[in-house]
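Chains as they are written, first to last, in my numbering: chain A, 32 to 249; chain B, 172 to 288.
Hints may contain errors.
Result set (SDA-like, lysine to any residue): computed pairs, CA atoms no more than 25 Å apart in a straight line [as the list claims (entries may be wrong)]:
id	chain 1	residue 1	chain 2	residue 2
1	B	K178	A	R199
2	B	K249	A	F169
3	A	K63	B	I264
4	B	K249	B	L188
5	B	K175	A	L234
6	B	K249	B	V190
7	B	K281	A	T164
8	A	K70	B	K249
Computed list of chain A residues with no C-beta within reach of chain B, every gap over 12 Å [to be verified]:
id	residue
9	H33
10	L52
11	P197
12	I203
13	L242
Keep in mind the hints are simulated off the structure, nothing from the lab. All C-beta atoms in this analysis are idealised placements derived from N, C-alpha and C, irrespective of residue type, glycine included.
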Amino acid sequence: MHIPDAFMPIWQGAIYWIIALVFIMLALRWAKNQLTEEKIPVVAVLAAAVFALMSFNLPVSMGTSGHLIGGALVAIVLGSPFAAVFILTLVLIVQGVLFGDGGITTMGANIINMGVIGGFVGYYSFHGFMRVTKNISFSAGPAAWLACFIPAEVCAVEMYFAGTFPLREGLIAMGLYHALIGIIEAVITVLVIHLILRVRPDLIDEKVRQLQAKGVNG
Amino acid sequence: MDQKNLKFLVIGVLLALVVAIVAVFLASPNPDGLDSTALIASGQKTLTAPATGENISVEAPGHFTYASPMPDYSLGGKWGPMGGIIAMVTGTILVFAIVIGLAWLLKKRKMSKKQIS
Numbered sequence: 032m033h034i035p036d037a038f039m040p041i042w043q044g045a046i047y048w049i050i051a052l053v054f055i056m057l058a059l060r061w062a063k064n065q066l067t068e069e070k071i072p073v074v075a076v077l078a079a080a081v082f083a084l085m086s087f088n089l090p091v092s093m094g095t096s097g098h099l100i101g102g103a104l105v106a107i108v109l110g111s112p113f114a115a116v117f118i119l120t121l122v123l124i125v126q127g128v129l130f131g132d133g134g135i136t137t138m139g140a141n142i143i144n145m146g147v148i149g150g151f152v153g154y155y156s157f158h159g160f161m162r163v164t165k166n167i168s169f170s171a172g173p174a175a176w177l178a179c180f181i182p183a184e185v186c187a188v189e190m191y192f193a194g195t196f197p198l199r200e201g202l203i204a205m206g207l208y209h210a211l212i213g214i215i216e217a218v219i220t221v222l223v224i225h226l227i228l229r230v231r232p233d234l235i236d237e238k239v240r241q242l243q244a245k246g247v248n249g
Numbered sequence: 172m173d174q175k176n177l178k179f180l181v182i183g184v185l186l187a188l189v190v191a192i193v194a195v196f197l198a199s200p201n202p203d204g205l206d207s208t209a210l211i212a213s214g215q216k217t218l219t220a221p222a223t224g225e226n227i228s229v230e231a232p233g234h235f236t237y238a239s240p241m242p243d244y245s246l247g248g249k250w251g252p253m254g255g256i257i258a259m260v261t262g263t264i265l266v267f268a269i270v271i272g273l274a275w276l277l278k279k280r281k282m283s284k285k286q287i288s
């Protein structure tokens, strides 16, 4: 759901950029305080993986493809929505500047949608679901789905304000396609979390490990 | 960095590179969710059927244009899949390097601040 420059007037892009910059500043502060020597390689590896997965378009039928976002994954594993803002911002800068995937003036909106909304929805819905289900898979899966679906619907509204999509059709199409893409997002998110839990459980956010130690099932 | 972290780092980056290279060959050529919706908005696609045209014609008034050096993760037709591999590997390693570099810079700034106070 990378918005290209052509889909948005410059002045609207500027508004999203200003909002995005506030979150980028907070994400930089998170990185400064949280990134220990132990965590830097994990963050860098996750960022490289998010870039590769985001650029990999998977077919979702109806003549449409979709790719992973990874906002929920990063926020859950690193234990903060700002981790998603930090990583997604850097990935989106490289994708936009080097590969024209997402525009320059629209980058603020893309950072808000995928990094900020994706990260916050993914992180808080995961911990909400954990309280109810006490199961990592049943919590991370739906959280990842929501972290794909909600940014897509927000994007449809932004496209309506930009005068690019009609509101109703935009919401229906963006919602339908990303409901399907979200299923892939959910499956991969759960798989990667289990992979890290198996090989390097010490790298997963402490809060998740404590929940697991309390008898939460995988 | 200890042995365990180095191992995670090397295997992690290699996995990311494998995904990046496989993507060049297996990625779907269909438009993504946003582009599909744009094609619907311009009447070139219905909700559930594939698009009939490829050129997205929706445009916002007063928008910005920018030409990226490697559009669509490729180096253009004459390079073929090799161009795609170069683009994806460059992107993956660049993201990795930027994150390492920025994290290191932030940490260094924090350390020097601590020394002053």
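Practice task
Given the hint that K249 (chain B) pairs with V190 (chain B), test it: the Cα-Cα distance must not exceed 25 Å.
Solution key: This hinted pair holds, its Cα atoms lying about 23 Å apart.
Exercise for the section: Would you check whether the claim that L52 (chain A) is not at the interface survives, using Cβ distances to chain B and the 12 Å cut-off? Expected result: Holds, since 16 Å exceeds 12 Å.
Exercise for the section: Decide if the proposed pair is consistent with the structure: K281 (chain B) and T164 (chain A), CA atoms, cutoff 25 Å inclusive. Expected result: Status violated; Cα separation ~39 Å.
Practice task
Measuring Cβ to Cβ, find out whether L242 (chain A) lies farther than 12 Å from everything in chain B.
Solution key: Check passes; 22 Å lies beyond 12 Å.
Practice task
Determine whether the non-interface label on P197 (chain A) survives the test: each CB of chain B must be over 12 Å from its CB.
Solution key: violated (7 Å)
Problem - Given pair status - F169 (chain A), K249 (chain B), alpha carbons within 25 Å - result: violated (46 Å)
Practice task
Assess, step by step, whether the Cα of K178 (chain B) is no farther than 25 Å from the Cα of R199 (chain A), and give holds or violated.
Solution key: At roughly 49 Å apart (the allowed maximum being 25 Å), R199 (chain A) and K178 (chain B) break the hint.
Practice task
Would you mind confirming whether the straight-line C-alpha gap from K63 (chain A) to I264 (chain B) stays at or under 25 Å?
Solution key: Distance ~22 Å between K63 (chain A) and I264 (chain B) Cα, so the pair holds.
Practice task
With 12 Å as the threshold, tell me whether I203 (chain A) passes as away from chain B on beta-carbon distances.
Solution key: violated (7 Å)
Practice task
Sort out whether L188 (chain B) lies within 25 Å of K249 (chain B), counting only the CA atoms.
Solution key: Satisfied, since the Cα-Cα distance of roughly 23 Å is no more than 25 Å.
Practice task
Report holds if the minimum CB distance from H33 (chain A) to chain B is greater than 12 Å, and violated otherwise.
Solution key: The claim breaks: H33 (chain A) does not keep its Cβ more than 12 Å from every Cβ of chain B (closest is about 7 Å).
Handout entry: Distance restraint between K175 (chain B) and L234 (chain A), which requires alpha-carbon spacing of 25 Å or less
Key = Holds - the C-alpha atoms of L234 (chain A) and K175 (chain B) are around 11 Å apart, at most 25 Å.
When each numbered hint is compared with the structure, violations occur for hints 1, 2, 7, 8, 9, 11 and 12.
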